[in-house]
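There are 2 protein chains.
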Amino acid sequence: MGFFSADIETVDDLFMHTLNATYYAENKIINALPTMIEKADNDMLKQAFKMHLEETMRQVKMLPGSDAAGSPAIDGIIQEADDVTSDIDNPFVMDAALIVAAQAVEHYEINRYGSLIAWAEELKLDPRIVSLLTQTLGEEKAADVKLTQLATQAINRKAA
Amino acid sequence: MGFFSADIETVDDLFMHTLNATYYAENKIINALPTMIEKADNDMLKQAFKMHLEETMRQVKMLPGSDAAGSPAIDGIIQEADDVTSDIDNPFVMDAALIVAAQAVEHYEINRYGSLIAWAEELKLDPRIVSLLTQTLGEEKAADVKLTQLATQAINRKAA
Chain E
1 MGFFSADIET
11 VDDLFMHTLN
21 ATYYAENKII
31 NALPTMIEKA
41 DNDMLKQAFK
51 MHLEETMRQV
61 KMLPGSDAAG
71 SPAIDGIIQE
81 ADDVTSDIDN
91 PFVMDAALIV
101 AAQAVEHYEI
111 NRYGSLIAWA
121 EELKLDPRIV
131 SLLTQTLGEE
141 KAADVKLTQL
151 ATQAINRKAA
Chain L
1 MGFFSADIET
11 VDDLFMHTLN
21 ATYYAENKII
31 NALPTMIEKA
41 DNDMLKQAFK
51 MHLEETMRQV
61 KMLPGSDAAG
71 SPAIDGIIQE
81 ADDVTSDIDN
91 PFVMDAALIV
101 AAQAVEHYEI
111 NRYGSLIAWA
121 EELKLDPRIV
131 SLLTQTLGEE
141 KAADVKLTQL
151 ATQAINRKAA
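Chains E and L, in that order, are what the protein sequence lines are.
The letter at position 91 of the first sequence is residue 91 when you use our numbering, and the numbering goes up by one with no holes.
The letter at position 5 of the second sequence is residue 5 when you use our numbering, and the numbering goes up by one with no holes.
Keep in mind that a hint or two might mislead.
Here are the computed lysine-lysine pairs in the BS3-like style, where the Cα-Cα straight-line distance is at most 25 Å [said to hold, decoys possible]:
1) K141(L) - K124(E)
2) K141(E) - K124(L)
3) K61(L) - K146(E)
4) K50(L) - K146(E)
5) K124(E) - K28(E)
6) K61(E) - K124(E)
If you want the footprint, here are the derived chain L segments under chain E, 3+ residues with CB under 8 Å [what the hints assert, rightly or not]:
7) 21-27
8) 89-100
9) 114-120
Computed beta-carbon distance windows for the label pairs [claimed, not checked]:
10) K124(L) - T10(E): 34 to 44 Å
11) D41(E) - S131(L): 28 to 38 Å
12) D89(L) - T152(E): 43 to 53 Å
13) K61(E) - T10(L): 26 to 36 Å
14) S131(L) - M44(E): 48 to 58 Å
15) D89(L) - D41(E): 43 to 53 Å
16) E38(L) - Q149(E): 36 to 46 Å
Just so you know, the hints here were simulated from the structure itself, not pulled from any lab data.
We put the beta carbon where it would ideally sit given N, CA and C, even for glycine.
Bound-form chain E, shown alone (with noise of 0.2 Å):
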C-alpha cells in the first residue's frame, strides 16, 4: 500500500484517489517549469514553458483535489529530465531534451485527464467537472502539438 494512499474500493475511490494524484502532479510542474524556462535557449520555447505555466497555475485554482495523494509517476518524470538536462550544455541539444521531458508530461497528464473524464461520465458527476476536466485536457493537448511543432520546425534541425 503506498504510504499516502487509502484503501481503494470503488471507482469513486479510483476517481478521487487519481483526481488527487492529478492534483499533486499539476503542483509538481508548477514548481519544475521555472527551472525548465530558466535552460531553455529558443525564445518561442521559452515563451510556450511561461503560457503553460499561467496556464496550469489557472488549471490547478479551478481542480477539486488535493495533496491527499502523491504520484511516484510525476516525481520520476520530473527526475529523469532533471537527470538529463544535468548533463546537456549545448543550448541546442538542451532544447530537444527539455522539449521531450515536456511531453513526458503531458503524455501522464493526456492519460489522467482522459480517464478521469470516462470515470466521470460513467460515475454521473456533476457535468461542471466533466467539463473543467474535458478543457483541461484540450488545453494539454494543445501544450503537446506545440511542443512537437517547435521541434520539427526548428529545434531539431539546428541541434542535428
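Following the hints, put chain L in place on chain E, whose structure we already have.
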C-alpha cells in the same frame, strides 16, 4: 548528473541516451506485465496484456539499445501502478486501475518513440532504424487504442 547517464553533447548522444532509457523501460515493462496479467479479472484485458507482453518481448529483441541508462520515469510509473493496485480488492475497480496504469506506460512509450523517430530522421540514421521505431510506435498506439476500447466498452460500466 544521473548515476547512469553520460555527458550528452550532441543530438546523437541524446538519441542514444533516450534509446537506452527506452530499452530499460521495455525490460521493466516485461517484468511488470505478468503481475498485471495475474491481477486482471476481465478475460479480454488479461488477453490484451498477454499479447502485449509477447509483442514487447519481440520489440526489445530488435531494439538496438542497452541497459546503459535507467529511467526514473518508468520506475515511477510502475511504482504508482503497484501502489494503486495494492489498495484494490474489487475486481472491476482493479481492471479500471490496471487499464489507466497500462495506458500511462503506453503514453510514456509513445512519447519516447515519437522523439526517437524525429531525431533519427534529423540525424539521417539508417532507414531500417526509423522503420523499426515506426513499427514499434504503431504497435504502442494500437495497444493504447485497444485499452481505451476495453475501458469504455465494458469494464468501466461494470465497475460503476
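A quick look at each hint next to the structure:
Between K141(L) and K124(E) the alpha-carbon distance is near 29 Å, which puts this suggested pair outside the 25 Å criterion. Distance check on the hinted pair: K141(E) and K124(L) sit about 29 Å apart at the alpha-carbon level, beyond 25 Å; violated. As the CA atoms of K61(L) and K146(E) are separated by approximately 34 Å, the hinted pair breaks the 25 Å bound. Taken as a hint, the K50(L) and K146(E) pair is broken in the structure, with Cα atoms around 35 Å apart against an allowance of 25 Å.
A threshold of 25 Å between alpha carbons decides the hint, and for K124(E) with K28(E) the separation of about 29 Å lies outside it, so the pair is violated. Between K61(E) and K124(E) the alpha-carbon distance is near 23 Å, which keeps this suggested pair within the 25 Å criterion. Counting residues of the region 21-27 of chain L whose C-beta sits closer than 8 Å to any C-beta of chain E gives 1, which falls short of three, so the coverage hint is violated. Coverage of a stretch by a chain is defined here by at least three residues with a beta carbon nearer than 8 Å to that chain's beta carbons; for the region 89-100 of chain L and chain E the count is 8, and the condition holds.
Counting residues of the region 114-120 of chain L whose CB lies closer than 8 Å to any CB of chain E gives 4, which reaches the minimum of 3, so the coverage claim holds. For K124(L) and T10(E), the hinted distance range of 34 to 44 Å is not satisfied, since their beta carbons lie about 53 Å from each other. A C-beta distance of roughly 32 Å is found between D41(E) and S131(L), which places it inside the suggested range of 28 to 38 Å. One distance hint, 43 to 53 Å for the beta-carbon pair D89(L) and T152(E), holds here, with the actual separation near 46 Å.
Checked against the hint of 26 to 36 Å, the pair K61(E) and T10(L) fails, with Cβ atoms roughly 41 Å apart. In this structure the supplied range 48 to 58 Å is violated for S131(L) paired with M44(E), their Cβ-Cβ distance being about 31 Å. For D89(L) paired with D41(E), a C-beta distance near 50 Å keeps the hint of 43 to 53 Å intact. Distance hint check for E38(L) and Q149(E): the Cβ-Cβ separation is about 42 Å, which falls inside the suggested range of 36 to 46 Å.
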